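6 protein chains.
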Amino acid sequence: MDKKTRVEIGLENLLKIDGEDGKKVIDALEGVAPDLGKLILEFTFADVYERGVLDWKQREIITITSLLTLGGTEKQLDVHINAALNVGVTEEEVVEIFIQCSPYVGFPRVLNAIFVAKEVFATRKKS
Amino acid sequence: MDKKTRVEIGLENLLKIDGEDGKKVIDALEGVAPDLGKLILEFTFADVYERGVLDWKQREIITITSLLTLGGTEKQLDVHINAALNVGVTEEEVVEIFIQCSPYVGFPRVLNAIFVAKEVFATRKKS
Amino acid sequence: MDKKTRVEIGLENLLKIDGEDGKKVIDALEGVAPDLGKLILEFTFADVYERGVLDWKQREIITITSLLTLGGTEKQLDVHINAALNVGVTEEEVVEIFIQCSPYVGFPRVLNAIFVAKEVFATRKKS
Amino acid sequence: MDKKTRVEIGLENLLKIDGEDGKKVIDALEGVAPDLGKLILEFTFADVYERGVLDWKQREIITITSLLTLGGTEKQLDVHINAALNVGVTEEEVVEIFIQCSPYVGFPRVLNAIFVAKEVFATRKKS
Amino acid sequence: MDKKTRVEIGLENLLKIDGEDGKKVIDALEGVAPDLGKLILEFTFADVYERGVLDWKQREIITITSLLTLGGTEKQLDVHINAALNVGVTEEEVVEIFIQCSPYVGFPRVLNAIFVAKEVFATRKKS
Amino acid sequence: MDKKTRVEIGLENLLKIDGEDGKKVIDALEGVAPDLGKLILEFTFADVYERGVLDWKQREIITITSLLTLGGTEKQLDVHINAALNVGVTEEEVVEIFIQCSPYVGFPRVLNAIFVAKEVFATRKKS
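Here the protein sequences come in this chain order: A, B, C, D, E and F. Per UniProt numbering, numbering of the first sequence is gapless, rising by one per residue and ending at 127. Per UniProt numbering, numbering of the second sequence is gapless, rising by one per residue and ending at 127. Per UniProt numbering, numbering of the third sequence is gapless, rising by one per residue and ending at 127. Per UniProt numbering, numbering of the fourth sequence is gapless, rising by one per residue and ending at 127. Per UniProt numbering, numbering of the fifth sequence is gapless, rising by one per residue and ending at 127. Per UniProt numbering, numbering of the sixth sequence is gapless, rising by one per residue and ending at 127.
Hints are not guaranteed to be accurate.
[What the hints assert, rightly or not] Under the rule of at most 20 Å between Cα atoms (straight-line distance), these lysine to aspartate or glutamate pairs were calculated in the EDC-like manner:
#1 Lys125(E) - Glu92(B)
#2 Lys38(F) - Glu30(B)
#3 Lys38(A) - Glu50(F)
#4 Lys118(F) - Asp27(E)
#5 Lys126(B) - Glu30(B)
#6 Lys57(C) - Asp27(E)
#7 Lys3(A) - Glu20(A)
#8 Lys24(B) - Asp55(B)
#9 Lys125(C) - Glu30(D)
#10 Lys75(C) - Glu93(A)
[Said to hold, decoys possible] Here are some chain B residues the structure puts well away from chain E; computed CB gaps all over 10 Å:
#11 Lys16
#12 Asp35
#13 Leu39
#14 Ile40
#15 Lys75
#16 Thr90
Simulated from the structure, these hints should not be mistaken for laboratory data. The model shown is predicted, which means the values in this text are computed figures rather than measured ones. Quick reminder that beta carbons are idealized off the backbone N, C-alpha and C, glycines included.
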């Protein structure tokens, strides 16, 4: 019986965590940089997310914190706020994670992240 | 009976979370910018850390993630890696939090944070 | 007679400095993170803007410099370029502040800020 | 016979490197900050691009790497991905330059840059 | 009679603004990148600092704000906090400029800048 | 005959590119985060550096540009300026790469990188 490849493991995890939104990012890379999609699946979603010690909920708390702090990553925040909600972070916790960043990162990036969250929450209510 | 001021609440929380290292930062501000120390105690350690929804362990996970991502904050990482360990994050988890940042922030800032953690872990073993 | 709360002082200052644009940001937080709006009013517009030593014109010069340097804060720049003009910074000075940043921050972020300023100037001429 | 001014040299180089897209940025500055356009032509496109040691292809590789790493510079990336292609970098090389940044800058900024490249490539195919 | 070159104007301004500390930076470039020193003198201290609209005190307020916000620029902050004091900014104002950045940039970078200021203030008292 | 693992390929490449300095970083991770060392070898030095299209000289030009632009990465710059020189970039080119970043990133980060280069050049001359 064949062992799963890193890409296969990564794709399975991506679908469980990010859902269709994450898959769309990988698909959008097809025509321009398919290898980048493969590297993301292998490194991020197989090598890193398969590790233990932290569960996926904790990993997504870390990811959205990092994305808020980086700035200019609204598209990735959209995907990973959805991911956080998918793996069990509540909307109230997402907001609180962003508020916790205020003293360290300043309000402008916190506001940018909150307004992405606001849209994500609204979109999920509709569907 | 008097209600505690925000500074008093902040100082109590700072001592519980950051311990003496955090207190030293506030003390070091005395001669140059005492009001900044007061604002940090009030805003960060009273207004923000007193909020619910997330516990202090989760708040420190968020804080060290943010500091790693910002870069150039080695001194603050030193204080808050200690804080994270003080409120129940394990050394293994600190390392894993930093590894989780790799795909989003890149290895250079992860390495900088890991080497601060290495020194913090060593110092705590000695004492 | 009741003393004003920090939120009340903050809201008064926000309206004087940022005007309706700033109020809209706080209002937009209502449905998603009302506490964040409160923290911004209290910390930024009461605790910090109420301090002396620098006047509001100088504070807005600092704020738009910081926002330009951070990058990815076009929405906040929009609000605070308006704020700067509201408290007495001239359009010519706004442009000159951004040019002064060029040797330290590089042209890309200066250009991003200038093009926000261009829209703000045009919008204010219309109204 | 008159020696060319730095602005004239800069404008000639801008047109050769960035083409009409770069000229449009300078023109867009006319109504708001014409001096900034002049400083960019003089400093970037005369003083710096006129230097030897590296050719323009290498200089554009450096420029798009820097822009990707800064983040929040999608408009400038658009101009300079076009510039890179104009001076002999291939589409495949642009993608590979961005992939090389992944371990150092993280995937979010690499993805943002790749999606700008995707649009640039598509636009050039049409014309 | 000869007109001053841009380098000469830049050097004169550098000496008036940054004093010997700034000169040392240019000198330190001699053995490794003398052209970079020349470009800094010409572009920053001739082209930009010679412009009107803002005076040097305002320009240094902008510069130290930008350096604080960038992070990782402790050496440049040292030079420009001295420069700010040289052209008439008071120590109290330097501290207040940094405090004004807190809500926008977060406390870690403000603390880093304050501790550079603390050393600069102490060094100047000694001499 | 056994195929080389990704770690083995990564380690071979690391030694060819970064030399002993790079190996020391991986070794320093042993006691604190050995898995991070493994991920760097596998992802950076096997998956990414093994790719074609760009040669190692071009890849190191990109890497030191990215590190300069990130800021706060002096230790990594030290390793990768050495790496750049190891794979055929000249000292003059290193300086020119950094000068090319000036209009996009600003002088402070360029100066920080130049002074790391100055030390690297001096150290290599001694040995």
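Status of each hint after checking the structure:
At most 20 Å may separate the alpha-carbon atoms for a hinted pair to count; Lys125(E) and Glu92(B) exceed this at roughly 46 Å. About 45 Å separates the Cα atoms of Lys38(F) and Glu30(B), which puts this hinted pair outside 20 Å; it is violated. Distance check on the hinted pair: Lys38(A) and Glu50(F) sit about 15 Å apart at the alpha-carbon level, within 20 Å; holds. Between Lys118(F) and Asp27(E), the direct Cα distance comes to roughly 13 Å. Compliance with the 20 Å bound is thereby established for this hinted pair.
Taking the CA atoms of Lys126(B) and Glu30(B), the gap is about 29 Å. The hint is violated against a cut of 20 Å. Of the supplied pair hints, the one linking Lys57(C) and Asp27(E) is violated, its CA atoms being roughly 37 Å apart against a limit of 20 Å. About 25 Å separates the Cα atoms of Lys3(A) and Glu20(A), which puts this hinted pair outside 20 Å; it is violated. Restraint check for Lys24(B) and Asp55(B): the C-alpha separation of about 24 Å exceeds 20 Å, so the hint is violated.
Under the criterion of a C-alpha separation no larger than 20 Å, the hint pairing Lys125(C) with Glu30(D) is consistent with the structure, at around 17 Å. Straight-line distance between C-alpha atoms of Lys75(C) and Glu93(A) comes to about 25 Å, which puts the hinted pair past the 20 Å bound. At the 10 Å boundary, the C-beta of Lys16(B) stays outside the reach of chain E, the nearest C-beta of that chain being 19 Å off. The non-interface label for Asp35(B) is inconsistent with chain E: the shortest C-beta to C-beta separation is roughly 7 Å, within 10 Å.
For Leu39(B), the requirement that its beta carbon stay farther than 10 Å from each beta carbon of chain E is not met, with the minimum near 7 Å. Look at Ile40(B): its CB is around 6 Å from the nearest CB on chain E, not clear of 10 Å, so calling it non-interface is violated. Once the 10 Å rule is applied to beta carbons, Lys75(B) is inconsistent with being away from chain E; the minimum gap is 7 Å. Once the 10 Å rule is applied to beta carbons, Thr90(B) is consistent with being away from chain E; the minimum gap is 24 Å.
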